[in-house]
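Colleague: Sequences are here, hints too, so could you generate the full structure?
Sequential numbering of the sequence shown, starting at -6, is according to this note's numbering.
In short, the hints are calculated from the structure, not lab data.
There's no promise every hint is true.
Per label pair, the in silico range of CB-to-CB distance [stated by the list, open to error]:
hint, residue 1, residue 2, range
1, PHE(-1), LYS85, 34 to 40 Å
2, THR31, VAL2, 39 to 45 Å
3, GLU(-3), VAL62, 25 to 31 Å
Virtual Cβ for every residue (Gly too), placed ideally from N, Cα, C.
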Amino acid sequence: MFKELFNLVPVRILLLMGIGVFIYNHALSNWMHEILMTHGADSVKAGYMSSVPTLIGIAGVLLIPRMAVSSIRTQILSVLFIFAGVAVLLLKSSSIPIILTGLVLIGITQGSMMAILLLILMEIPQVGTRYTGSAGGMFFAAAEVGGCWDR
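Modeller: Shown next as C-alpha coordinates:
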(Lines of atoms letter the chains of each structure in order from A and count residues from 1; the text may use other names and numbers.)
(Lines give C-alpha, C1' and ligand atoms only; values in the text may rest on other atoms or scores of the structure.)
Protein backbone atom coordinates (compact mmCIF):
# COMPACT_ATOMS: atom_id res chain seq x y z
CA MET A 1 0.00 0.00 0.00
CA PHE A 2 2.76 2.48 0.88
CA LYS A 3 4.65 1.61 -2.28
CA GLU A 4 1.54 2.22 -4.39
CA LEU A 5 0.92 5.56 -2.68
CA PHE A 6 4.56 6.60 -2.99
CA ASN A 7 4.54 5.78 -6.70
CA LEU A 8 1.82 8.39 -7.26
CA VAL A 9 3.52 11.54 -8.58
CA PRO A 10 1.10 13.96 -6.84
CA VAL A 11 1.78 12.22 -3.52
CA ARG A 12 5.55 12.55 -3.99
CA ILE A 13 5.19 16.24 -4.86
CA LEU A 14 3.10 16.84 -1.75
CA LEU A 15 5.62 14.95 0.40
CA LEU A 16 8.38 17.24 -0.87
CA MET A 17 6.22 20.30 -0.29
CA GLY A 18 5.56 19.07 3.25
CA ILE A 19 9.30 18.86 3.88
CA GLY A 20 9.68 22.46 2.70
CA VAL A 21 6.79 23.70 4.84
CA PHE A 22 8.21 21.98 7.93
CA ILE A 23 11.63 23.55 7.28
CA TYR A 24 9.93 26.95 7.10
CA ASN A 25 7.77 26.33 10.18
CA HIS A 26 10.42 24.81 12.43
CA ALA A 27 13.25 27.13 11.45
CA LEU A 28 11.20 30.26 12.04
CA SER A 29 9.56 28.98 15.21
CA ASN A 30 12.81 27.78 16.75
CA TRP A 31 14.97 30.73 15.74
CA MET A 32 12.50 33.64 15.85
CA HIS A 33 13.66 34.92 19.24
CA GLU A 34 17.29 35.06 18.10
CA ILE A 35 16.36 36.57 14.72
CA LEU A 36 14.52 39.38 16.46
CA MET A 37 17.37 39.95 18.90
CA THR A 38 19.77 40.45 15.98
CA HIS A 39 17.58 43.38 14.96
CA GLY A 40 18.06 45.10 18.30
CA ALA A 41 15.14 43.76 20.34
CA ASP A 42 15.99 42.84 23.92
CA SER A 43 15.14 39.35 25.12
CA VAL A 44 11.76 40.31 26.62
CA LYS A 45 10.62 42.30 23.59
CA ALA A 46 11.81 39.53 21.25
CA GLY A 47 9.85 37.02 23.31
CA TYR A 48 6.64 39.02 23.06
CA MET A 49 7.16 39.63 19.36
CA SER A 50 7.83 35.92 18.82
CA SER A 51 4.34 35.17 20.11
CA VAL A 52 2.67 37.21 17.34
CA PRO A 53 2.78 34.41 14.73
CA THR A 54 1.22 31.96 17.18
CA LEU A 55 -1.61 34.33 18.07
CA ILE A 56 -2.33 35.15 14.43
CA GLY A 57 -1.86 31.50 13.46
CA ILE A 58 -4.76 30.39 15.66
CA ALA A 59 -7.18 32.43 13.57
CA GLY A 60 -5.37 31.63 10.33
CA VAL A 61 -5.48 27.87 10.71
CA LEU A 62 -9.18 28.02 11.59
CA LEU A 63 -10.26 30.36 8.80
CA ILE A 64 -8.02 29.91 5.77
CA PRO A 65 -8.39 26.14 5.20
CA ARG A 66 -12.16 26.56 5.54
CA MET A 67 -12.13 29.20 2.78
CA ALA A 68 -9.90 27.00 0.62
CA VAL A 69 -12.64 25.14 -1.21
CA SER A 70 -11.53 22.51 -3.68
CA SER A 71 -11.78 24.71 -6.78
CA ILE A 72 -9.35 27.37 -5.46
CA ARG A 73 -7.22 25.35 -3.05
CA THR A 74 -4.03 25.41 -5.12
CA GLN A 75 -4.37 29.14 -5.77
CA ILE A 76 -4.72 29.83 -2.05
CA LEU A 77 -1.70 27.62 -1.38
CA SER A 78 0.28 29.60 -3.98
CA VAL A 79 -0.66 32.87 -2.29
CA LEU A 80 0.38 31.44 1.08
CA PHE A 81 3.77 30.44 -0.37
CA ILE A 82 4.22 33.99 -1.70
CA PHE A 83 3.23 35.40 1.72
CA ALA A 84 5.75 33.07 3.38
CA GLY A 85 8.54 34.33 1.12
CA VAL A 86 7.58 37.96 1.69
CA ALA A 87 7.41 37.35 5.45
CA VAL A 88 10.98 36.06 5.53
CA LEU A 89 12.17 39.08 3.54
CA LEU A 90 10.33 41.45 5.89
CA LEU A 91 12.20 39.96 8.85
CA LYS A 92 15.42 41.40 7.41
CA SER A 93 14.16 44.93 8.04
CA SER A 94 15.27 47.07 10.95
CA SER A 95 11.85 48.73 11.18
CA ILE A 96 9.61 47.26 13.90
CA PRO A 97 6.33 47.86 11.98
CA ILE A 98 7.75 46.05 8.94
CA ILE A 99 9.00 43.18 11.11
CA LEU A 100 5.57 42.95 12.78
CA THR A 101 3.97 42.74 9.33
CA GLY A 102 6.30 39.84 8.57
CA LEU A 103 5.35 38.18 11.85
CA VAL A 104 1.65 38.49 11.01
CA LEU A 105 2.29 36.91 7.60
CA ILE A 106 4.20 34.08 9.26
CA GLY A 107 1.25 33.48 11.56
CA ILE A 108 -1.14 33.39 8.62
CA THR A 109 0.99 30.96 6.65
CA GLN A 110 2.45 28.48 9.14
CA GLY A 111 -0.55 26.35 10.04
CA SER A 112 -2.59 27.07 6.94
CA MET A 113 -0.07 25.73 4.44
CA MET A 114 0.12 22.37 6.20
CA ALA A 115 -3.66 22.04 6.48
CA ILE A 116 -4.19 22.84 2.80
CA LEU A 117 -1.48 20.40 1.72
CA LEU A 118 -3.31 17.68 3.66
CA LEU A 119 -6.62 18.63 2.05
CA ILE A 120 -5.04 18.38 -1.40
CA LEU A 121 -3.54 15.02 -0.48
CA MET A 122 -6.95 13.68 0.52
CA GLU A 123 -8.43 14.81 -2.81
CA ILE A 124 -6.08 12.73 -4.94
CA PRO A 125 -8.45 10.19 -6.53
CA GLN A 126 -6.14 7.20 -5.97
CA VAL A 127 -5.79 8.12 -2.27
CA GLY A 128 -9.47 8.66 -1.57
CA THR A 129 -11.07 7.85 1.75
CA ARG A 130 -9.64 4.35 1.79
CA TYR A 131 -5.97 5.41 2.02
CA THR A 132 -6.23 8.88 3.56
CA GLY A 133 -4.84 7.71 6.91
CA SER A 134 -1.87 5.96 5.33
CA ALA A 135 -1.16 8.90 3.02
CA GLY A 136 -1.39 11.31 5.96
CA GLY A 137 1.05 9.19 7.95
CA MET A 138 3.46 9.14 5.02
CA PHE A 139 3.05 12.91 4.69
CA PHE A 140 3.97 13.63 8.31
CA ALA A 141 6.79 11.09 8.32
CA ALA A 142 8.33 12.79 5.29
CA ALA A 143 7.56 16.30 6.50
CA GLU A 144 9.34 15.71 9.81
CA VAL A 145 12.55 15.38 7.81
CA GLY A 146 12.10 19.10 7.17
CA GLY A 147 11.59 19.62 10.89
CA CYS A 148 15.01 18.09 11.58
CA TRP A 149 16.93 20.13 9.01
CA ASP A 150 16.80 23.38 10.93
CA ARG A 151 18.89 21.96 13.77
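Colleague: All hints, please: hold or fail.
Modeller: The hints, checked one at a time:
no.: 1; hint: PHE(-1) - LYS85: 34 to 40 Å; verdict: 38 Å, holds
no.: 2; hint: THR31 - VAL2: 39 to 45 Å; verdict: 41 Å, holds
no.: 3; hint: GLU(-3) - VAL62: 25 to 31 Å; verdict: 28 Å, holds
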